Amino acid sequence: MAKFPSEEWIKLFKDEVNKNEAYADAAKDWEGDFLFIATSDDKLDKEVVFWVDLWHGKCREVAQLPSREAKKTEFVYEGPYGNWVKLINGEIGPIRGLLTRKFKLTGSMAKIMKYTRAASELVGCASKVPTEFL
Amino acid sequence: MWELTFPRTVVTGEGALEYLKEVEGKRALIVTDKVIHKLGFVEKIASYLEKAGLEVKVFDEVEPEPSVETVVKGAEFARKCGPDWLIGLGGGSCMDVAKAMWVLYANPDVEVAEINPFTKFGVREKARLICIPTTSGTGADATWAAIITDVKEERKMELPSREIVSDIIILDPELPKSMPPSLVADSALDALTHAIEAYVSQWRNDFSDALAINAIQIIFKYLPRAYRNPDDKEAKEKIHNAATMAGIAFGNSQVGIAHAMGHSLGAIFKVPHGRTVDLFLSYSIEYGAREAMGRYADIARAIGVEAETDEEAVEKLVGTVRRLDRKVGEPASIKELGISREDFEKRLDDLVTRAANSSCTFMNPRVPDVEDTRKLFLYAFEGKKVDF
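These protein sequences, in sequence, are chains A and B. Heads up, the first sequence is in the numbering used here, so the first residue is 1 and it goes up one at a time. Heads up, the second sequence is in the numbering used here, so the first residue is 1001 and it goes up one at a time.
Among the hints, a few may not be true.
[Stated by the list, open to error] Calculated cross-link-like contacts (lysine-lysine; reagent style BS3-like; alpha-carbon spacing at most 27 angstroms): (1) A:Lys-114 / B:Lys-1152; (2) B:Lys-1120 / A:Lys-72; (3) A:Lys-111 / B:Lys-1152; (4) B:Lys-1152 / B:Lys-1221; (5) A:Lys-102 / B:Lys-1120; (6) A:Lys-19 / B:Lys-1375; (7) B:Lys-1120 / A:Lys-114; (8) B:Lys-1346 / A:Lys-28; (9) B:Lys-1270 / A:Lys-114; (10) B:Lys-1152 / B:Lys-1177; (11) B:Lys-1375 / A:Lys-114; (12) B:Lys-1073 / A:Lys-111; (13) B:Lys-1270 / A:Lys-111; (14) B:Lys-1375 / A:Lys-28; (15) A:Lys-114 / B:Lys-1073.
Source of the hints: derived by calculation from the structure; they are not laboratory data. In this text the structure is predicted, and so the values were computed from the model without any measurement.
Kindly generate the complete structure, drawing on both the sequences and the hints.
Here it is as C-alpha cells:
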C-alpha cells in the first residue's frame, strides 16, 4: 500500500503502466512527457508535482519534483488533490475531468484527443496501484 | 457540475426561412455544396438575406465527408469577404464546414485539428452562425462539434468547442421535401442512432433524456410514412424537427460505439454516414444491454413495446430497429453494404484501431476493449447476433 501522493506511489504507477499491454498498444506511437500536479485543497497543504515520461507505449521514467518549475514538459495535467482521488477511484474520467473543469490541461489538445484510449488505460493503471489516501 | 450548450434560437414550421428577412448585419457568407446550389436553395436564401439589407457571398465547395483542406480554403475565402454571418446550408457536411471555418476565420493561426473544448476562440467577435439543414438527420445544426476528415490519415476527427453552436437554426419543412426516399431513410436513421445513443450514453442527463426520447418516438412513428410517401408533409416535418432534437440531445450527452464504428467504416470505405451508424445500431444495443438494460428497456416501452421483463423489452427493441431498417431498405450487415470479405479483412485492423480510439467509444454504456471492438466488426460483417 502506497500513500498518494508520494514518490513510492508514482514508482508503483510506472510499474503498472509498463505491465499494461492495452496501454502499450493504445500509446504505441505516443511521444511526450507530463507533469501531473495535485494542487492543494482542504486535505493537501502544498501542491505535489510528478514528472511522468511516456514514450512509445512505455513509461520510461518518473519522479516527484520539488516544484512545477523544476522541469519543462510537453503537457501539464493538474487539479486539486480531492479530484485526483476521484480520478484514481474511477469516479471521473480523464476527459470528463477536463470538461467539468475538475482538471486543467496545458499542451496540445489536438495530440491528446487522438489518444483517448491511452488516457483511459493510464487511469486504469493508477486505479490498480494499492493506494492509501490522505 | 455539468455544462449544457444549446442553440440560442430555433425557428421552425412553414415559412421559417422568412425569418432571414429580419437578420441584422452587413454581409453573409453561405457555406454549401454544388448540389444544394443547383437545387436553387442558395438563391432563395440569398434573396431573403438581401431583403434584410445584407450583401451575400457563397462558398459552395463543400464535399461529402468534408476534408481539412476544404475548411482551410473556406476560411481563407471568409477572410477575403469578411462576413458577420456564416450560413451553413445543406446536410451535415456543409454545416460542419461552416462551424470549423468559423474558428479558423476568427483565428488564422489555429489548425483544424486544434479545435477543442478548452481553448477560447472568440468566434463571435468575428461573426455569428445560422444553420439551415436541408436533410433531416445529422443534427449538425444543433451540436457544438464539427466532424472533419483527415484525408491523409483516413480519420474522421470529432472536433468539439462549445463556441461553435448555432446562434439560429432554421427548420423549414420546405427544404427536406425534395429528399429522395433513400436519403430520407439514411438521414432519419442517423438521427435515431443519435437519440438512442444519447439516451444510454455515460454522459446522459435529464435534459438530453427528454429530447432523445421524444425524437425516438417521432422517428419510429413517422419514418415509415415519410419514406413511403414523399408528399407526406406532416411526416417529413416531424422527422426534420426530431433530427434537431436528437442533435441537441447527443450534443449534450454524446454518442457511443455505433458512431465510433460508423465513423471508422465510413472513413475507410466511403459509405454515407447515416447508413453506417445505423448499421451498427442494433449490434451496439445487443452489446451495451449488459450495462444499460434498463435504459434500453425504457426506450422499448416508450415506443410501445410490451414486455414482462427488461430483457424481453430489449430483445424486442433490437427486432423493432431491424424491422424498421428492412422497411426502409437499409443494409443489416457490412456484407450487405457490398464490401467484400477480402477488402474487409484487409482493412480490419485499421477499422478496429480507429473505432477503439474514437472518443465516442468511451461514452458507450459498455466500453469495448480492442478485442471486443474487433469481434463487433466481425459480427456486424456477418450479421450475427452479439452474444458476448
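Tested hints:
1. A:Lys-114 / B:Lys-1152: holds (15 angstroms)
2. B:Lys-1120 / A:Lys-72: holds (24 angstroms)
3. A:Lys-111 / B:Lys-1152: holds (16 angstroms)
4. B:Lys-1152 / B:Lys-1221: violated (41 angstroms)
5. A:Lys-102 / B:Lys-1120: Distance of about 17 angstroms is within 27 angstroms: holds.
6. A:Lys-19 / B:Lys-1375: The hint holds at about 24 angstroms.
7. B:Lys-1120 / A:Lys-114: holds (20 angstroms)
8. B:Lys-1346 / A:Lys-28: holds (21 angstroms)
9. B:Lys-1270 / A:Lys-114: holds (21 angstroms)
10. B:Lys-1152 / B:Lys-1177: violated (36 angstroms)
11. B:Lys-1375 / A:Lys-114: holds (22 angstroms)
12. B:Lys-1073 / A:Lys-111: holds (23 angstroms)
13. B:Lys-1270 / A:Lys-111: holds (25 angstroms)
14. B:Lys-1375 / A:Lys-28: This hinted pair holds, its Cα atoms lying about 22 angstroms apart.
15. A:Lys-114 / B:Lys-1073: holds (24 angstroms)
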